[in-house]
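J.: Could you slot chain Y onto chain F? The hints should help.
Number of protein chains: 2
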Amino acid sequence: MTELTSNIDYPRQTLDAVFKPKSIAVIGATPKRGTIGHQLLQNIFQFGFSGIVFPVNPKYESIHSIKCYPSVSSIPDPVDLAFIVIPKESVAQVAEECGEKGVGGLVILSAGFKEVGGDGLKREEELSELQRKYGFRIIGPNCMGILNTAPSVRLNGTFAPTEPESGSLAFMTQSGALGVAILLAVKKRNLGVSYFVSVGNRVDVSGDDLLEYWAADERSNVIGLYLESFGDPRRFTNLSKEITRHKPIIVVKSGRTAAGSRAASSHTGQLAGLDIAVDALLHQCGVIRVSTLEEMMDLVLALTKNPVPKGDRVCILTNAGGPAIMATDAVVNEGLTMAKLTGATRKKLAGFLPEESSLRNPVDMIASAGPDEYGKAMEVILEDKGVDTVIVIFVPPMLVEPREVMKQVAEASSHHKKPVYCVLMAEDHYYDEIPRQFKNAPPLYRFPESAVRAISAVNGYRIWCERPEGNITTFPCEDPAIENIINDQRQSGGGYLSPVDVNRVLRAYGFPLCNVELVPTDGDVVVAAEKIGYPLVLKVHGEDIIHKSDVGGVIVDIPDERQLLGAKAQMDRSLADAGVTDRVEGFLVQEVAKSGKEVILGMTMDETFGPLLMFGMGGKYVEVLKDIAFRVMPVTDVDAIEMIKGIRSYPLLEGVRGEERVDIDFIVESIQRLAQMVNDIPAIVELDMNPVIVTADRGACRVVDSRIRVAPLRPSAGQT
Amino acid sequence: MTELTSNIDYPRQTLDAVFKPKSIAVIGATPKRGTIGHQLLQNIFQFGFSGIVFPVNPKYESIHSIKCYPSVSSIPDPVDLAFIVIPKESVAQVAEECGEKGVGGLVILSAGFKEVGGDGLKREEELSELQRKYGFRIIGPNCMGILNTAPSVRLNGTFAPTEPESGSLAFMTQSGALGVAILLAVKKRNLGVSYFVSVGNRVDVSGDDLLEYWAADERSNVIGLYLESFGDPRRFTNLSKEITRHKPIIVVKSGRTAAGSRAASSHTGQLAGLDIAVDALLHQCGVIRVSTLEEMMDLVLALTKNPVPKGDRVCILTNAGGPAIMATDAVVNEGLTMAKLTGATRKKLAGFLPEESSLRNPVDMIASAGPDEYGKAMEVILEDKGVDTVIVIFVPPMLVEPREVMKQVAEASSHHKKPVYCVLMAEDHYYDEIPRQFKNAPPLYRFPESAVRAISAVNGYRIWCERPEGNITTFPCEDPAIENIINDQRQSGGGYLSPVDVNRVLRAYGFPLCNVELVPTDGDVVVAAEKIGYPLVLKVHGEDIIHKSDVGGVIVDIPDERQLLGAKAQMDRSLADAGVTDRVEGFLVQEVAKSGKEVILGMTMDETFGPLLMFGMGGKYVEVLKDIAFRVMPVTDVDAIEMIKGIRSYPLLEGVRGEERVDIDFIVESIQRLAQMVNDIPAIVELDMNPVIVTADRGACRVVDSRIRVAPLRPSAGQT
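Going down the list, the sequences are from chains F and Y. When you line the first sequence up against numbering that gives the first Met the number 0, it's residues 0 to 719, in that order. When you line the second sequence up against numbering that gives the first Met the number 0, it's residues 0 to 719, in that order.
Looking at chain F on its own, in the form it has when it is part of the complex:
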């Protein structure tokens, strides 16, 4: 008999209390079929929990011939973990009892907490207090349970109908219902999990806690997350940046669209954040984002069965033309490279393949190819140094037994450390039998496109792993007055800084500006112009005039005094016509920047993710085409370079048709200066430098127009 000693230290609990219990109580266990309390108990027994289970329910003396206790406190032995499956009203009281008993972890499956609002919020707060009081860890409430397949634990503490296999995927879901679907999908692909956790409302244990726990877990080689919202983006960033260097994290984040995000909010009661920010954050952390659970499963299959390749060159081996063409299309469309086979490889292939074969990539062995041909061709192709990944396509013809072919393919694959993906277009039962029969068989896909999509995602992960971590350069603020400028504006209710203040802030952070003079409405533009020099630009100034050109408030290329006076008169008329005269606060007389490429640098504040930096080409085209890159903080030099190269119109900065390349380093540095600024001055809630003129000559680069908005010192009524 197992001796009942607890492996948990009190009062500070680690997640071991939840995932490695020696004894568990199922509070709310019941013999009634079709209830969660029954299915959960059933699953725990069926999966063969390595410790002892205590059913708890005052209504029964025994359940399935096992002694049932009226309460957790009446259990004579220590209890490490308690599952709670009772009506919401009694949960707090039972949790308190668990605390008194010294239970180390609670998995609360009961619903009716934060997710329903109203009294639910109060009930959830109670749980939170109890957690702080007793130090136990809580999964849930409102979750579908936890699962640890480690042979030393064997705990299936879920009420899912699917019995999971043991494997190397650690999965966390924010949706219980999707959890059920995910376990089904995992099973269907002959995959297994190390851990599976439905986190529910996350009153205590969060996805980040699990990430940290799984990072160190040797059985977990791939981490999968289904997210609807981020709890603490900064912690997620720090953790995942570290983990993804050695263990891939795959995320499905729903609520991508505004409507989806509203649906998510109404579902979880939490703000979803901007999807562009989510994209940026995941990208900057090396997390692989996929759109659908199907894609995730395809990718988990790839990452658990195959090594990460050394490059992006793919070779396709097939016995049928059609699917090979489709695979080729997919390889090219996913941005991968079709490997070029060496002459030696082709010669070797020609040695045993029939004349009608095609020895270019895709290598088409035609329908007569059997196990031998597949085995030999695999060996030859895998030895070619120009091939990083192999796709084997097999459409079973008459007389050729798929198992025999797959045996040879598996055999050949096991001699090499290159990833092999198999597209098998055959009856369903093979997808079950082959992975069971040949443990080293490559992952099987039904269609070329899903295999290639997985290869492409793995290739993205390879690039991340090879990518330097990047540096954060510090650009200190060189003007001690900035703090006062910001504070003054905040004290007077926040809003846009005056152009003069904007320029002072930008100058302090080392941005090159056009010289500018602010002329009051009753001032003399000519006097200002003499300080600046011709040619110059005349602009209206007014905090409430956002799109100045729309109201005729910008006149460029003014060559001399006479035309300046004309321009001023014309602008006054335009402003009057547009009915904005009373919003005019003055005029700006500005140096003309040399001609170059226009780019935009900016920042908006996301409630969930903090400052969101923005870079794009200037001009109307790009405005319409939305060719903009975003990044969340922190931003390294490598992030900045990727941001610049990430826009579709990047070739324009490199120069097309013999133009000079602009000084890209200037932009990289400017992005980092901007990052430094918004980091130093958290009160900045919006910033736009538009346009910034960049040229080949760094000394001629200029921030031409810009605005900065700061938050009021205390939020005014109505703001949250």
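BS3-like mimics (lysine-lysine), calculated; alpha carbons at most 25 Å apart, straight line:
no.: 1; chain 1: Y; residue 1: K417; chain 2: Y; residue 2: K406
no.: 2; chain 1: F; residue 1: K121; chain 2: F; residue 2: K87
no.: 3; chain 1: Y; residue 1: K406; chain 2: Y; residue 2: K186
no.: 4; chain 1: Y; residue 1: K619; chain 2: F; residue 2: K644
no.: 5; chain 1: Y; residue 1: K625; chain 2: F; residue 2: K619
no.: 6; chain 1: Y; residue 1: K309; chain 2: Y; residue 2: K417
no.: 7; chain 1: F; residue 1: K186; chain 2: Y; residue 2: K187
no.: 8; chain 1: Y; residue 1: K384; chain 2: Y; residue 2: K416
no.: 9; chain 1: Y; residue 1: K246; chain 2: Y; residue 2: K417
no.: 10; chain 1: Y; residue 1: K644; chain 2: F; residue 2: K625
no.: 11; chain 1: F; residue 1: K100; chain 2: F; residue 2: K132
no.: 12; chain 1: F; residue 1: K593; chain 2: F; residue 2: K547
no.: 13; chain 1: Y; residue 1: K384; chain 2: Y; residue 2: K346
no.: 14; chain 1: F; residue 1: K625; chain 2: Y; residue 2: K619
no.: 15; chain 1: F; residue 1: K87; chain 2: F; residue 2: K100
no.: 16; chain 1: F; residue 1: K644; chain 2: Y; residue 2: K625
no.: 17; chain 1: F; residue 1: K625; chain 2: Y; residue 2: K625
no.: 18; chain 1: Y; residue 1: K187; chain 2: F; residue 2: K187
no.: 19; chain 1: F; residue 1: K619; chain 2: Y; residue 2: K644
no.: 20; chain 1: F; residue 1: K619; chain 2: Y; residue 2: K593
no.: 21; chain 1: F; residue 1: K593; chain 2: Y; residue 2: K619
no.: 22; chain 1: F; residue 1: K417; chain 2: F; residue 2: K246
no.: 23; chain 1: Y; residue 1: K593; chain 2: Y; residue 2: K644
no.: 24; chain 1: F; residue 1: K619; chain 2: Y; residue 2: K619
no.: 25; chain 1: F; residue 1: K438; chain 2: F; residue 2: K187
no.: 26; chain 1: F; residue 1: K417; chain 2: F; residue 2: K339
no.: 27; chain 1: Y; residue 1: K100; chain 2: Y; residue 2: K66
no.: 28; chain 1: F; residue 1: K339; chain 2: F; residue 2: K416
no.: 29; chain 1: F; residue 1: K625; chain 2: F; residue 2: K547
no.: 30; chain 1: Y; residue 1: K644; chain 2: Y; residue 2: K240
no.: 31; chain 1: F; residue 1: K375; chain 2: F; residue 2: K406
no.: 32; chain 1: F; residue 1: K186; chain 2: Y; residue 2: K186
no.: 33; chain 1: Y; residue 1: K619; chain 2: Y; residue 2: K644
no.: 34; chain 1: F; residue 1: K187; chain 2: Y; residue 2: K186
no.: 35; chain 1: F; residue 1: K186; chain 2: F; residue 2: K438
Which chain F residues face chain Y? A few, computed with CB under 8 Å, are given here:
no.: 36; residue: K187
no.: 37; residue: A323
no.: 38; residue: I324
no.: 39; residue: E355
no.: 40; residue: D427
Simulated from the structure, these hints should not be mistaken for lab results. Even glycine gets a Cβ: it sits at the ideal position worked out from N, Cα and C.
T.: The following block gives chain Y in isolation, referenced to the frame of chain F:
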């Protein structure tokens, strides 16, 4: 006993000879398992062919107790259709025998013809001659057979291992191997086919013949095609434009990328044509193009089970939040609309759903919803006039039996003529059982995204069906000299027309041009300038100088004579610096167009698809961003409008930030004039109008620069 009378008229055969035979011969039938000759015979018997089968093989007296004939001529009764499964060398002789016997159709499964090149080409030519001689129709060679599930025929003349169900999908494949995979995929989704044809090398019967045949077939409601190349694009266009008005055609066309297209060519020995041309052609014909076979199957499921909706408004009904969020994201990302439920609908739903439900779209009934709730909610939602399509999501919770829920959903759906899509996240066996048990059950999908992708494709088809057919306006050429200009150029070896000739051709077709004067290298630009008037543009002229601005060969905005002379001197220097002086053939002095938006109109010649018209915004941004629309001929006014609205930067033409809208009608008309021109003058192989300045004022629109290249009269050596 059936009386053996042939239903076929000689010598002119329709496809009935192939698809509705009363008697068939299987030439090459054999009792040897694992051979095509065995499997084919087996399939024919197993499927219960309604007529009589005559095995033919000189080696056997009987096969499976059925009398076997030594040759087709030794069969005493008439034979309507012959399957030929014998070595390639004997095929022609046997075909000849069939001709003599009066056989109406041949299905040649034997390989070794055009697809292998060399002698194969000769063998294929022989077949073609025999076809013309005897009038029989040939499917193949090098195909995997044909299938007609009509109860009066029941012919499974394939060697595929999958026994098909009868259904309403007529499918044609250009790849035999994919044919096997397709029959598997059809089966897996509980779909059935009316016809299935593997066309092989298409020595006689083509995909177009099948389209024509199926257009009139009442059992075929959806046509599916797997294409690797187009035989006769013009016939396909005419046929499919007509058919898609009442019967959807879905196409997977592989060889999308250059590499895929090369793979296709080496596979089929045929040119694949440009994929942008394929895209344009399919779009202009209302053919639904999907990327993968999986998408096609999702869509066939949708189109065979559901009506085409009246609009794009989708309502989601669910018992689980997560999948509903994912569905919402997919709806928005596919460009569909989330339906807005009326107050009345919401009130009705509130009447029977629990308080915790969400009554906005997505309607989340929470996990407690059972068959009753699903049934009632479906009725209410389907009655809402603001809903065109319903997605029902069901993740089976404890205690709720999926079959019961699906029964209610099927019942409610059958009361309304609106499409319903069901996302069922449950064990595999339900996907088999439910469609069998409830014949009116909506189509089942495993994940929200695949359902929504199908809905989106159906919505595209709805838009096509509602789209007016469009008109082709005729713009006759108004200058009889054009023919001579073109012919002269062709006679002198083809190539680019001179600028003066280009302008004459464009003027003849009603394009507004800037006035221009060509000045010889030793001529006087000032004299020419006086005719044109200032300001003007000076351009170098030389057939071999393609990118004039790259060599300093364009100077714009020249205000007066003095600056013209300066500009000329500067250009001479630049051209000398660029080393192109000896390629200069003169200078152009050109009127300056008013400022407006720059667009590009052009045409390139595709070897397969003929003239490919092109439209896009001008300027470097768009060049880099490749924001261009293409169309094949013929181009209607509706096509032209779609082309213009199809580019991403279209909003710039509508005007952003208070700009005036340009005269879109001018562009529509210009595209049609261009279409007319390339139709009238087939010798034009390349044409570019770049830029065309378009403004709000039609009278100020100008073609500023353009070139036209014509083919030489006889192809020079080296051209094909």
